[in-house]
Structure formats: structure tokens, C-alpha cells
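S.K.: Residue strings, one per chain:
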Amino acid sequence: MMPKPEPVVAKAGGTVEVKLPLQLREGYHVNSNMPPDSYLIPLRLTWDAGAITASEVVYPKPSVLKVEFFSGPLPVFSGRFELLTRFKVAASAQPGLVNVPGKLRYQACNERMCLPPKTIDITLPVSVTR
Amino acid sequence: MQARKPSLGSIRRWTLFGAAVALLVACTSELPEEVRLKSASQRKATPDFTLKDSTGATVKLSDYRGKVVLLNFWATWCGPCKVEIPWFMDFQKTYKDRDFAVLGVSMDEGGWDDVKPYIDQHKINYRVLLGNDEVSHLFGSIDSLPTTLIIDREGRIASMHLGLVAKSTYQKQIEQLLEAPRDVPKTGAVRAPGSEFALLRAN
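Chains as they are written, first to last, in the numbering used here: chain A, 1 to 130; chain B, 1001 to 1203.
Hints in this document: simulated from the structure, not taken from any laboratory.
Accuracy of the hints is not assured; some may be wrong.
Partner residues aside, some chain B positions facing chain A, computed with beta carbon under 10 Å [claimed, not checked]:
id, residue
1, W1077
2, C1078
3, P1080
4, V1083
5, E1109
6, D1143
7, P1146
Residues of chain B clear of chain A, computed beta-carbon distances all greater than 10 Å [claimed, not checked]:
id, residue
8, R1065
9, K1116
10, E1175
Glycine residues also receive a C-beta, built at the ideal position from the N, C-alpha and C atoms.
Next comes chain A alone, as it looks inside the complex (with noise of 0.2 Å):
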């Protein structure tokens, strides 16, 4: 299933903060957007620029676990967890709904094995008022 976030309405000219919520399937987990193997792949969420556009991505403390290959601990994700988004509507945006494109990628293991790395697209409708 895709993630959704929640219709907002922003003010041309001002910001505003979007939280998108996850959960993963039990006994799961994603990598932290700061992995330290850089061959492990990173949670990562991106939002296309334009008239609203993306200032920072904020991503919540990981926890961490004790694994076999990995000599020190390795900060992960999982069960529920938002991710949150601080966006600049620019002064010149037009009333009305606009749809901000944005992507999710991220990797999933679990202790015994892991799933492809997948791309979400998601979608954010942002409602510009003056």
C-alpha cells in the first residue's frame, strides 16, 4: 500500500510541516537515513521542487540493533514511525490545490533475510490560499 499523506493547506508565502506516517510489518525493520555501511541503502524521502518546495526532511531517532555483520550497532526503523517534512510555499504560488510529487525509497530486512530496495511514489495535495 502507498504511503498517504494528509491533504494540507499552506499560505503563499509562508511554510508549512507535513508528517507522514509509517508502519512496518512486524518483525521488519528499514535502515536509518544515515546507515554506516555505505553499502546498506538508506530510508530516504524526497519531494520535487517547485512552488512548494521541500526545506528539510526530518527523520525521527533510529533505534538500534546488534547484528551478525555488522560490527557495531546499526540504527534502524521500524513498527510505527513518521517522517516529517518542513516546506516553503513560494510568494508568487497561485491559489488553489496543488500536488506536490515526492519519492520513498528504502530497504527492509528482517533477522533472516531481506526484500529489494523499492521506491514509493507518494503524493502530498496542498491547498494554497493567499
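With chain A fixed as given, assemble chain B onto it according to the hints.
M.R.: Showing chain B alone in chain A's frame:
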């Protein structure tokens, strides 16, 4: 007409044969289920494929007919796969002179740019091939990594493991196949492993 009475020699031969069968059954049933290989009659032919290895050489799986092969689908981003790689290097070293080979098939999307540095860094001593969707589909879509097949000398799938299993499981299965008498192959389709489904969902 009166039935012929069996000779003492004949009774002895049948008794010995029965004892041997009973011993074989007992030994087989004592093995834990995950270590047991499919019986020769249950084994299906491994789908053949041709891929390039890290040196650019073309490798055809059927060229390994006559050898016991551990075929491992893996990726550099797969943690559990990295646990197994040193085991497979051990197997390659230990059994390479006994008609045995490990073949790694990397499913990295980034291709050799991702895989070659890993091979060099970890000094992988067995052949690594670069997989693709076509080969994955031959095996019923390889969605979970690691996925490892133990292939007998006749090119048939003797066991298939989804996910990390114990080193001793692989070792016991390899040794069983290396010690088994050669058999006449039969052909057939490969059972498709279960597909994984979408993992992330919105609240």
C-alpha cells in the same frame, strides 16, 4: 504345487539387505528436517541461465553439470547475505577439489560498480555473477535474499533455502551430495518460491 523352501544363504542375503535399508531409513529420519535433501525422485531440474562473471567471462549454469553447486542469490545491501559469504568461501576452499563449486549471483541494481568493490574488499574466492530479472523469474522471482539452492551433480535442485540458515545445514547437505552415488537426471519445472508483498503502508 509346493513352494520352494528358501536357502540359508538367500535368507542371510535378504536379512542383510533389510538391515541395510532399515539403517538407511533410520539415518535419514534422524536428520533434522531443514538438513534433509529432497529425495532424488522429487528433485526438479534447475533452470539453466547464462550470465557474466566479475571478469567478464560468460558462465552457463549447465556447464557445472557433474559438480555439486551451491547457488546463492545475494546483494551487497543484504545483511544476512554477508553473514553467509565467509561460510561459502570456506566451502569453496574445502570442497573445490571434490567436484564442488559455489556460484554467487548478485542482484544489486547498481551492477558491477556496486559488486566489484565488495568482491575485492572481501576477497571472495568463488565466482560471482551479475543477476537480472530474467534469471530471477526463472526461479519464480527471487524476492527474498539470501536465496540459496544446493544443486546435485545431475543439475537438479536438492534443496532451496529462503533466508539465512545455519552453516552446518549447508555443510551437511553439500557433504551428503558429494558422498551420494551419481544418478540419472530427470527433467521438470522448478517450484516457485513465494513472492513477497508490499511491506510499507501508511497509517
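S.K.: Now, for every hint given, state plainly whether the structure supports it.
M.R.: Going down the list of hints, with the structure as the test:
{"no.": "1", "hint": "W1077", "result": "holds, 5 Å"}
{"no.": "2", "hint": "C1078", "result": "holds, 4 Å"}
{"no.": "3", "hint": "P1080", "result": "holds, 6 Å"}
{"no.": "4", "hint": "V1083", "result": "holds, 5 Å"}
{"no.": "5", "hint": "E1109", "result": "holds, 7 Å"}
{"no.": "6", "hint": "D1143", "result": "holds, 6 Å"}
{"no.": "7", "hint": "P1146", "result": "holds, 7 Å"}
{"no.": "8", "hint": "R1065", "result": "holds, 29 Å"}
{"no.": "9", "hint": "K1116", "result": "holds, 12 Å"}
{"no.": "10", "hint": "E1175", "result": "holds, 23 Å"}
Going down the numbered hints, you'll see the structure goes against none, and every one checks out.
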